Amino acid sequence: MAFTNLMLVFIFNLLYLSLSSGIEIPEEFQKSNHTNNWAVLVDTSRFWFNYRHVANVLSIYRSVKRLGIPDSQIILMISDDMACNPRNPRPATIFNSAHEQINVYGDDVEVDYRGYEVSVENFIRLLTGRVPPDTPRSKQLLTDEGSNILIYLTGHGGDGFLKFQDSEEVTSQELADALEQMWQKKRYNEIFFIIDTCQASSMYEKFYSPNILATASSLVGEDSLSHHVDSAIGVYIIDRYTYYVLEFLENVHPNSKRTMSEFLAVCPKSACLSTVGVRKDLFNRDPSKVPITDFFGSVRPVILTTDPINIVETPKRKKKTENKTKVQVKRDYVPQFPMHLVQVT
Amino acid sequence: MGSENNISNADESNRMWASASFVGVLIIIGMPLWWKTTEVYRVSLPYEKISSFKPLSHFVTTELKVLANDDATASKIVSEIQKAFAESDIIKIKIEKTVMSERQQHILRSVVDMEKAVEELASTLDLDQENIFHVVQKKSLSHNIWVGNERIMFFDDEKASETIVKALDGWIYQTSVLRGARSDTPDQARSTRFPPESAYHITLSIVHPRPDTMQVVWNAAEAVEDYIGSFVDELSSLHNFTLKSQWLHLLDFEFQAREIKEASEWGRHFAVRQDRLSLLLTRLEERAATHVSELSTINLALYIVPCDKAPIIIYDNEGRKNPLSIQAFMSPKWGGVVIASPPAEQCSQQVREFEPSVGQVMGAFVSHLRELLGITKKDAIEGAHLEPLRSVSPRRWEVDALLRIRTLEQVTSAERTLQSLAQLLEEISNIVINDEVGASIAAAVSELEAGAGEGAGADAARAGRAHAHAQRAFTHPSLLALLYFPDDQKYAIYIPLFLPIMFPVVLSLRILLLWFMGKPVHKEKTD
Chain A
1 MAFTNLMLVF
11 IFNLLYLSLS
21 SGIEIPEEFQ
31 KSNHTNNWAV
41 LVDTSRFWFN
51 YRHVANVLSI
61 YRSVKRLGIP
71 DSQIILMISD
81 DMACNPRNPR
91 PATIFNSAHE
101 QINVYGDDVE
111 VDYRGYEVSV
121 ENFIRLLTGR
131 VPPDTPRSKQ
141 LLTDEGSNIL
151 IYLTGHGGDG
161 FLKFQDSEEV
171 TSQELADALE
181 QMWQKKRYNE
191 IFFIIDTCQA
201 SSMYEKFYSP
211 NILATASSLV
221 GEDSLSHHVD
231 SAIGVYIIDR
241 YTYYVLEFLE
251 NVHPNSKRTM
261 SEFLAVCPKS
271 ACLSTVGVRK
281 DLFNRDPSKV
291 PITDFFGSVR
301 PVILTTDPIN
311 IVETPKRKKK
321 TENKTKVQVK
331 RDYVPQFPMH
341 LVQVT
Chain B
346 MGSENNISNA
356 DESNRMWASA
366 SFVGVLIIIG
376 MPLWWKTTEV
386 YRVSLPYEKI
396 SSFKPLSHFV
406 TTELKVLAND
416 DATASKIVSE
426 IQKAFAESDI
436 IKIKIEKTVM
446 SERQQHILRS
456 VVDMEKAVEE
466 LASTLDLDQE
476 NIFHVVQKKS
486 LSHNIWVGNE
496 RIMFFDDEKA
506 SETIVKALDG
516 WIYQTSVLRG
526 ARSDTPDQAR
536 STRFPPESAY
546 HITLSIVHPR
556 PDTMQVVWNA
566 AEAVEDYIGS
576 FVDELSSLHN
586 FTLKSQWLHL
596 LDFEFQAREI
606 KEASEWGRHF
616 AVRQDRLSLL
626 LTRLEERAAT
636 HVSELSTINL
646 ALYIVPCDKA
656 PIIIYDNEGR
666 KNPLSIQAFM
676 SPKWGGVVIA
686 SPPAEQCSQQ
696 VREFEPSVGQ
706 VMGAFVSHLR
716 ELLGITKKDA
726 IEGAHLEPLR
736 SVSPRRWEVD
746 ALLRIRTLEQ
756 VTSAERTLQS
766 LAQLLEEISN
776 IVINDEVGAS
786 IAAAVSELEA
796 GAGEGAGADA
806 ARAGRAHAHA
816 QRAFTHPSLL
826 ALLYFPDDQK
836 YAIYIPLFLP
846 IMFPVVLSLR
856 ILLLWFMGKP
866 VHKEKTD
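First to last, the sequence lines map onto chains A and B. The first sequence runs 1 to 345 under this note's numbering. The second sequence runs 346 to 872 under this note's numbering.
Be aware that one or more of the hints could be misleading.
25 Å max Cα-Cα, derived DMTMM-like pairs, lysine to aspartate or glutamate [stated by the list, open to error]:
1) B:Lys722 x A:Asp159
2) A:Lys316 x B:Asp415
3) A:Lys186 x B:Glu771
4) A:Lys269 x A:Asp159
5) A:Lys318 x B:Asp578
6) A:Lys318 x B:Glu716
7) B:Lys511 x B:Asp578
8) B:Lys439 x B:Asp415
9) B:Lys421 x B:Asp502
10) B:Lys666 x A:Asp307
11) B:Lys678 x A:Asp71
12) A:Lys316 x B:Asp571
13) B:Lys723 x B:Asp578
14) A:Lys186 x B:Glu716
Label pairs and their in silico Cβ distance ranges [said to hold, decoys possible]:
15) B:Leu770 x A:Trp48: 40 to 46 Å
16) B:Glu781 x A:Glu168: 23 to 29 Å
17) B:Leu770 x A:Gly158: 26 to 32 Å
18) A:Pro136 x B:Ser670: 49 to 55 Å
19) A:Pro136 x B:Ala784: 44 to 50 Å
20) B:Glu567 x A:Ala232: 56 to 62 Å
21) A:Pro136 x B:Gln601: 31 to 37 Å
22) A:Pro335 x B:Ala566: 35 to 41 Å
23) B:Glu567 x A:Glu168: 52 to 58 Å
24) B:Ala634 x A:Arg87: 32 to 38 Å
Source of the hints: derived by calculation from the structure; they are not laboratory data. All values derive from a computational prediction rather than experimental measurement. The beta carbon of each residue, even a glycine, is placed where N, CA and C say it ideally should be.
Construct the entire structure; sequences and hints are all you get.
See the structure below:
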């Protein structure tokens, strides 16, 4: 009896050992090796009744900025300016709820593409890096092989497309192709793709490039719903999915240990009324082991200087750059009243 | 009856010929024309050449001259070096051995000072030639080997051969960095230095948070011109640089420093944790306006600590205090920061005036720039003495090594870019390749074929051009010309356009065919 017991324990142990070693993924595999973080946040719809989409995108903007991604690495595309819309009863504010708890507009919002600049063309050009030659650096996605990119899209969508500004749409195929071109050009390490539209999951179904984790506010055939109406502004103030995302992100701090799988489960069907879609097959890591700050925070390695050069001789630049000769322009005041132009008799 | 038949026959044949002409215009002329005009325009590309590229097969070549007092020593050293690098697939060294002339031996015996000896030897050796390194025997050294600023290394005797190989591998040729430059995934050095570009913009910002309480005396423009300018001039064969300096007033940053009491003039210092420093970079970026330049910007910032927060000392992640008198750090692919605290006696005065030491501050910045531009740190090697740098200019052999690294990096990157473009053209059908892009690709291919990437000088320039061409081809805006004409929606556009016309034409085909076939039979009948 004792022997069999012992045997059983032994077999159990063996089984347990083999199981645990089979499931366990090595630590370094789970560790991300990205060296910088970027965010592309896009609101594709304009007009006052789409107030909620601007509130959506600014909620994410507020969170990533708070968690440490600098403005120079956030590309914010907003089609309309709700904060300064004449219908806004409280100018220069955009709130996440009717209780006006969080002003997502904040103090400084740096919009990179605004109004009619938010177009399919500019979006795809931004992603693939094929921008016109005179584009300023602040409007370019200057990512490299070590970049983790957070892409957030919100607007009105349908099965297989996302509408931009009532006049055009980006299809899921185009988006998938753009991401593939980014991958081929080594423009990212990993991408976290979030989309909050109707039938949102149709947008990521065509993706075929590796290292992409995607989530969507609704499945194909479902609508994404808005959260509530603010009677002061007369329209819906925010979408359900993003409302709960913001609520979740407000409790995340740069050093927090929250994981991506918590983020993916942020809006259960009871809250969202639509089913949140997730696609993990392209993603190499286990979302339950990926800290949320891999995408929402920012890594900025800092290396302390231990070997400054002890410069003994003061250098003098030999090759002088030719100073552009500055001709002093003589300036004087124009008389305040141009009496010389008036005929005085 | 017969004439009526004839009339209806003629009528019918008229009708038939009319519809046949419709068919002719639409199907025989129209369809090919439509096919031709809606074709995705693509210049023919040298796909075969592109697919034959092997980015991992590239290596660099370099020359090494071994000079010794006697032939036996020279042979021993040469064979050791050959043995060590024979297996290397990344570098091929052409070694030449010489027994030194009596005059050279005399110089080396009589001159004790190393720098002097190099100077004197330079009259007999050509040290100015790029990509040629000299290993010279000099008896009675304090170390096994000695390396200075010129393309020369002294060694004591044949016992030093192991150290020589280590120094050649780690310092002079940096094979691990070369391997990192070639490989698919970046290594430490590649993720620190800026990606290869033809030009960079360097901005030095002097950050003065409290200009009302203290005056800072510092000639930023001159410091940039003299120190940074002299440094970048040495790298002018690789990149162009534009330099700029600016003052940023009232930019305060909360270091969250912890006050620590100590027995010094101040009686305290403020401890700043290393992980807090990355937020300073974010704060600096807000104001530094570095994106005004269309080039990639290397940021340098001198942060002047206000008196009430001074002195600041950085503690690393393990909690160790920075032992140096200068508090500085850098961030890969971003730039460097120096934190300058005013001395205690200045802060106790009524009129405060602080003049940070130009040499010390710029020494830190130049050491940042060296790493950011690809000159790696040299780890100590046992038995080897590396003369510390005393000026802003990099060592001559460091520039050679950088040239080799950049050449290899650009060649492999150009090849990878072309290959991935070729693959994308296969995968995605609506990418347009116009004449300009085609020319860029052809230029890149021809530069690569011309043998870029073997070594220094002209090859480096060629590698740079190949890289630039490939880059331009990949990111040219015209590749997206058909963005609004997606392949999967082509027929959604054509069907409503052409179906109403094509429908009767296609239907008439059957009757036409019958008529053409049936005509002789019909004729027979009338006969």
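Against the structure, the hints:
{"no.": "1", "hint": "B:Lys722 x A:Asp159", "result": "violated, 54 Å"}
{"no.": "2", "hint": "A:Lys316 x B:Asp415", "result": "violated, 43 Å"}
{"no.": "3", "hint": "A:Lys186 x B:Glu771", "result": "holds, 18 Å"}
{"no.": "4", "hint": "A:Lys269 x A:Asp159", "result": "holds, 20 Å"}
{"no.": "5", "hint": "A:Lys318 x B:Asp578", "result": "holds, 9 Å"}
{"no.": "6", "hint": "A:Lys318 x B:Glu716", "result": "holds, 23 Å"}
{"no.": "7", "hint": "B:Lys511 x B:Asp578", "result": "violated, 30 Å"}
{"no.": "8", "hint": "B:Lys439 x B:Asp415", "result": "holds, 20 Å"}
{"no.": "9", "hint": "B:Lys421 x B:Asp502", "result": "holds, 10 Å"}
{"no.": "10", "hint": "B:Lys666 x A:Asp307", "result": "holds, 15 Å"}
{"no.": "11", "hint": "B:Lys678 x A:Asp71", "result": "holds, 17 Å"}
{"no.": "12", "hint": "A:Lys316 x B:Asp571", "result": "holds, 5 Å"}
{"no.": "13", "hint": "B:Lys723 x B:Asp578", "result": "holds, 22 Å"}
{"no.": "14", "hint": "A:Lys186 x B:Glu716", "result": "holds, 23 Å"}
{"no.": "15", "hint": "B:Leu770 x A:Trp48: 40 to 46 Å", "result": "holds, 44 Å"}
{"no.": "16", "hint": "B:Glu781 x A:Glu168: 23 to 29 Å", "result": "holds, 26 Å"}
{"no.": "17", "hint": "B:Leu770 x A:Gly158: 26 to 32 Å", "result": "holds, 30 Å"}
{"no.": "18", "hint": "A:Pro136 x B:Ser670: 49 to 55 Å", "result": "violated, 40 Å"}
{"no.": "19", "hint": "A:Pro136 x B:Ala784: 44 to 50 Å", "result": "violated, 27 Å"}
{"no.": "20", "hint": "B:Glu567 x A:Ala232: 56 to 62 Å", "result": "holds, 58 Å"}
{"no.": "21", "hint": "A:Pro136 x B:Gln601: 31 to 37 Å", "result": "holds, 34 Å"}
{"no.": "22", "hint": "A:Pro335 x B:Ala566: 35 to 41 Å", "result": "holds, 38 Å"}
{"no.": "23", "hint": "B:Glu567 x A:Glu168: 52 to 58 Å", "result": "holds, 54 Å"}
{"no.": "24", "hint": "B:Ala634 x A:Arg87: 32 to 38 Å", "result": "holds, 34 Å"}
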